[in-house]
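Undergrad: Following the hints, position chain B against chain A.
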Amino acid sequence: MENRAINNIKLGVFVSGGLLFLVVLLYMIGANRSLFGATYILKARFENVQGLVSGNNVRFSGIQAGTVKNIQILNDTVIEVVMVVDKKMQAIIRSNALVSIGTDGLVGNKVVNIVPSKVSAALAKEGAILLVKRAVSPDEMLQTLYTTNNDIAVIAANLKMTVQRINSSTAIWTLLSDPYIPKDIKLSIAKIHEATSKAASITNNLDKMIDEVKNGKGLLGKLMTNDTVANKFGNIVLKINSVGEQVDALAGEIRGLVNHFNQDVKAGKGPFNSLLRDSLLSMKLSNSLDNIQQGTEGFNQNMAAIKHSFLLRGYFKKMRKRAQKNIDK
Amino acid sequence: MVTSYSSSLKIFLREAGDIARFTRRFFSQWFRPRYEIAELLRQCFVIGYQSLPLVGLTAFILGLVLTIQLRPSMEDYGVAAQLPAIVGIAIIREIGPVIVALIFAGKIGSSIGAELGSMKVTEQIDAMEVSGTNPFKYLVVTRVLAATLMLPILVLLGDCVSLYGSWIGVNIRGNTSFYLFWTQVFNNITFSDVLPAFIKSYFFGFAVGVIGSYKGFKSNKGTEGVGRSANSAVVVSSVVIFIIDLLAVQVTDVLGLN
Chain A
1278 MENRAINNIK LGVFVSGGLL FLVVLLYMIG ANRSLFGATY ILKARFENVQ GLVSGNNVRF
1338 SGIQAGTVKN IQILNDTVIE VVMVVDKKMQ AIIRSNALVS IGTDGLVGNK VVNIVPSKVS
1398 AALAKEGAIL LVKRAVSPDE MLQTLYTTNN DIAVIAANLK MTVQRINSST AIWTLLSDPY
1458 IPKDIKLSIA KIHEATSKAA SITNNLDKMI DEVKNGKGLL GKLMTNDTVA NKFGNIVLKI
1518 NSVGEQVDAL AGEIRGLVNH FNQDVKAGKG PFNSLLRDSL LSMKLSNSLD NIQQGTEGFN
1578 QNMAAIKHSF LLRGYFKKMR KRAQKNIDK
Chain B
16 MVTSYSSSLK IFLREAGDIA RFTRRFFSQW FRPRYEIAEL LRQCFVIGYQ SLPLVGLTAF
76 ILGLVLTIQL RPSMEDYGVA AQLPAIVGIA IIREIGPVIV ALIFAGKIGS SIGAELGSMK
136 VTEQIDAMEV SGTNPFKYLV VTRVLAATLM LPILVLLGDC VSLYGSWIGV NIRGNTSFYL
196 FWTQVFNNIT FSDVLPAFIK SYFFGFAVGV IGSYKGFKSN KGTEGVGRSA NSAVVVSSVV
256 IFIIDLLAVQ VTDVLGLN
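Those protein sequence lines, which keep their order, are chains A and B.
For the first sequence, my numbering puts the final residue at 1606, and the numbers step up evenly by one.
For the second sequence, my numbering puts the final residue at 273, and the numbers step up evenly by one.
If we strip away everything but chain A, and leave its shape as in the complex, we get (with noise of 0.2 Å):
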């Protein structure tokens, strides 16, 4: 009787611990289909719903949040989906959140992903419709894939022949086994440096040039900050164009003259032309030259015979004497 007690709650045990485990079992997938707890309807409207079916899952931001209730054809073009979402999303999904249909994974299950919009807006209530983000299918992937495939082709049978012409040419293996080139790039290089740090420093001492005169320094700076400056500067402009046109006048009446002159050469008048043409008055005014030259050599000895007369001896070593104090003054 006892061991049939004792067997009675074995086998209590073990039913208990079978039901136990299909009640788990039973909760766990309730549970991930919102079957249990308070939910609330969220809606999305899209022209294409990729085999989304009834029991997929919904996220927001990855996080499980609902399962598809169901899908309804509302006309030829427009298919809605209704989503059964926790309500403790309703705290947190906002009317502005994008919807877009997904997969688990490349290969898994259809999913509808909730996405927050980065600008604000009101939560979503109940049944409200959400707006919707094409995501691009597995279809439109392999088509960009293949599109790129036969680019990625093109390209690599452009770079065959290039590198089949790279390995035929002769001239190019000739530069490349040439020992000098790389010394002369070398030296290119470093030449560029210093033509680098050339320009670097023309470009400083611009600057501070710049600045300079930003700051009125310097004619060109006081002439652009300083308007007493820039005057005068004005002014002294104004009198060089006056000198330069009194420049102007002069030269025309010296024109003027000088025609006059030629004028007179070639009619064979006036004294510019006797000078000129007439050799006996060339040859009396190179007499009259010499005498004067005469004249003041003797004038010369005479005033140096003055200077040693005993009468005006003083007179010029007081003459001497002051052009020396003034001298060293």
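Because the hints were derived from the structure by calculation, they are not lab data.
Check the hints yourself; a few may be wrong.
To give an idea of the interface, some chain B residues facing chain A are shown, with a C-beta separation under 8 Å as derived from the structure [said to hold, decoys possible]:
(1) Leu56
(2) Gly63
(3) Tyr64
From the three backbone atoms N, C-alpha and C, an ideal C-beta is built for every residue, glycine too.
TA: Relative to chain A, chain B alone:
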């Protein structure tokens, strides 16, 4: 040759008809008083509780081996992370119920067939009738009900142990926490995975109980007949389990539960 096939077909059809009649007799008697509750509980203990070690060991090895053998293929496809989900669905939906039912048929079907067969050949059943006890109600109804009620429990516990074995299998060459493993399993199974498997295990248990009892109850030709009853109980039960499984898949498919 044709005569041989014809006689085999006749035997098969007669056997099927006898089993159907035996089943009808069960349904006509199981809810009528007097209820053999004590015997039912004893049979539940023997059929259910005492089968747990064998079922548990088998299920554990099943989960472990299935996981280890699936891993290379999953890795080839780059979906090794989905191993818990796939093994979980496979065990809960199909492999768990069928394998546990086959083990159950081997242990309990043969046991019922041999036990009732030996009682039949030693005329204990006739003696019970003479003493006023309804042998069908006492021996058959209790065993069939016990088998029907206990197999689903064994399947559930077998699934649990098998998934534990699978977790160990996953961790032989990986590092998946116990919590993550069960989360992945629960996230990927649905009611349509659990409920058809659970319901069909009742039919498996019923089939094993009815066929084992029928074979034992109809046993004859002495001790040789007992052995034959035990043997044929296992063979027929196993075949019927697969037939029921096939029908269950078709029904769930028609109901849109696949």
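Undergrad: Regarding the hint that Leu56/B lies at the interface with chain A, is the smallest CB-CB distance below 8 Å?
TA: Cβ of Leu56/B sits 6 Å from chain A, so the hint holds.
Undergrad: Against chain A, with CB atoms and a cut of 8 Å, does the hint on Gly63/B hold up?
TA: 6 Å, holds
Undergrad: Less than 8 Å between beta-carbons is the criterion; does Tyr64/B satisfy it with respect to chain A?
TA: This hint holds: Tyr64/B lies near chain A, its Cβ roughly 5 Å from the closest one there, short of 8 Å.
Against the hints set out earlier in the document, no violation occurs for any number.
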